[in-house]
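Chemist: Residues per chain, in single letters:
2 protein chains.
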Amino acid sequence: MDFWFEFGSTYSYPSAMRVEDEARARGVALRWRPFLLGPIFRTQGWLDSPFNIYPVKGKYMWRDLARICAAQNIPLRHPTSFPRNGLVAARIAARFDDAPWVPAFVRGIYEANFARDEEISDPAVVASVLAAVGQPAELVREASSEEAKSKLRTNTDEAIALGIFGAPSFVVGGELFWGNDRLETALAWKA
Amino acid sequence: MDFWFEFGSTYSYPSAMRVEDEARARGVALRWRPFLLGPIFRTQGWLDSPFNIYPVKGKYMWRDLARICAAQNIPLRHPTSFPRNGLVAARIAARFDDAPWVPAFVRGIYEANFARDEEISDPAVVASVLAAVGQPAELVREASSEEAKSKLRTNTDEAIALGIFGAPSFVVGGELFWGNDRLETALAWKA
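Just so you know, the sequences run in chain order A and B. Counting in numbering that gives the first Met the number 0, the first sequence runs from 0 upward without gaps. Counting in numbering that gives the first Met the number 0, the second sequence runs from 0 upward without gaps.
Keep in mind that a hint or two might mislead.
No distinction is drawn between identical chains; accordingly, a pair holds when it is met within one copy or between any pair of copies.
[Claimed, not checked] Straight line, CA to CA, 20 Å or less: simulated SDA-like cross-link-like pairs of lysine to any residue:
id	residue 1	residue 2
1	Lys-150	Arg-140
2	Lys-56	Asp-180
3	Lys-56	Leu-46
4	Lys-58	Phe-81
5	Lys-189	Leu-64
6	Lys-189	Gln-71
7	Lys-148	Ala-70
Keep in mind the hints are simulated off the structure, nothing from the lab. Predicted model, so just to flag it, every value in this text is computed and none were measured.
Looking at chain A on its own, in the form it has when it is part of the complex (with noise of 0.2 Å):
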C-alpha cells in the first residue's frame, strides 16, 4: 500500500503515526510516498487551505482533529500558523523514501508541527529531526540537491495522475482511497 502525505496537512498527522503498525499487523508493504498539495490546491483554485478558505468547515476540522487524536492517545497542539511548509522535510522523506529511518523521521515532523508547535519550513527544526532518528544533522542540505527536488515532483505529478486532490491518500493496486478514516478500508482491500 502507498501511503501519500503532505506535512502540512492535519489528518495526515493521525495516520502517519498509526500507518505503520496498522499496515504490519495486516502484514500489509507499505511504500512511504511525501508529496505536495500546493499545486494540486492551486489548480483548483485554492492558494490556501480549504480549511482556512472555509472557515466554518476548518472549525468543524480542528474539533474532529481533537477527537481523533484524542481516540488514538496522540498529542494535539493547534499550530500557531497553518498550513506551515514542508517543503524541506518532504524533499528529505522523497530523496530517502527507502532508508529505515523515514517512517520516524516522517513522525517526527509531523510531531513537530501538530504536537509541539515548530516552525517545521525553517531547516533548523528539521535538521533537529534527522539527529532525534539518529541521523547527522547536515543531512537537511540534501533538500536543495537536484535529486531530492526531482523525487519529490515525480512523486506530486504521480498523485495527480493517480487522481489523488487531498491527504492523506492510499493506494493498492490503483484502487485510491482519501482519507485518515479510510485507512483500515484501504488495509482490508484486495488489489
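Model the placement of chain B on the given structure of chain A, informed by the hints.
Modeler: Below, chain B without anything else, positioned relative to chain A:
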C-alpha cells in the same frame, strides 16, 4: 441524536438507509432533520455541488460511494442528473417529521434518487413514494403549505447556526459530526 440530511446528498443515502437500525441497536433516540444544502453552499460561493465544481473529487466520490453501497449491500445507480433538487420531498419530511412513516418515506426518496434514478424533484415521484409508505398521494400538496415551507426554512437556519456545512451530519448534545463515516462515532458519543 439529530440526523441532518439533504435529499440531493450522495453520502446521506447510505446513512439514511442504516441510521435507524444503528441508533436502535445502541438505544439512541433519533430525530430526522431534513435541511437544504443549497443556501449553505451559496454562502461559500458554490452554485453547484462541489463534486461537480471539482471533477477530480467528484470522480473519487462516486467510486467511494459505490464501495460503501456494495459493503452495505444496497443498490446504487449513478443518477443521470446530479444533484437533484429535493425541495418538495424535504418540505414533506419537515412538515411531518414526527410522523411514524417519515423514516420509510426518507429512505424511499433516497432509493428513488440513488437506486432507481428517478427525478425526485417531480411531485409525482414524491407522491408515489408517499403511496408506497401507505400515505395518500395527495399529501404531496402539503409541500406548498406555509407550515412545510417555514419548518424547512427553520431547519436550515438551525443547521447553519450549528455550524453544519455538509450532509449527512449528526449532532449529539451540541457536538457536531460530519459524514457517513462518523455515524458510529456520533452514536457512541456521550453528550
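Chemist: Identify every previously stated hint that the structure contradicts and give their numbers, smallest first.
Modeler: Number 7 only.
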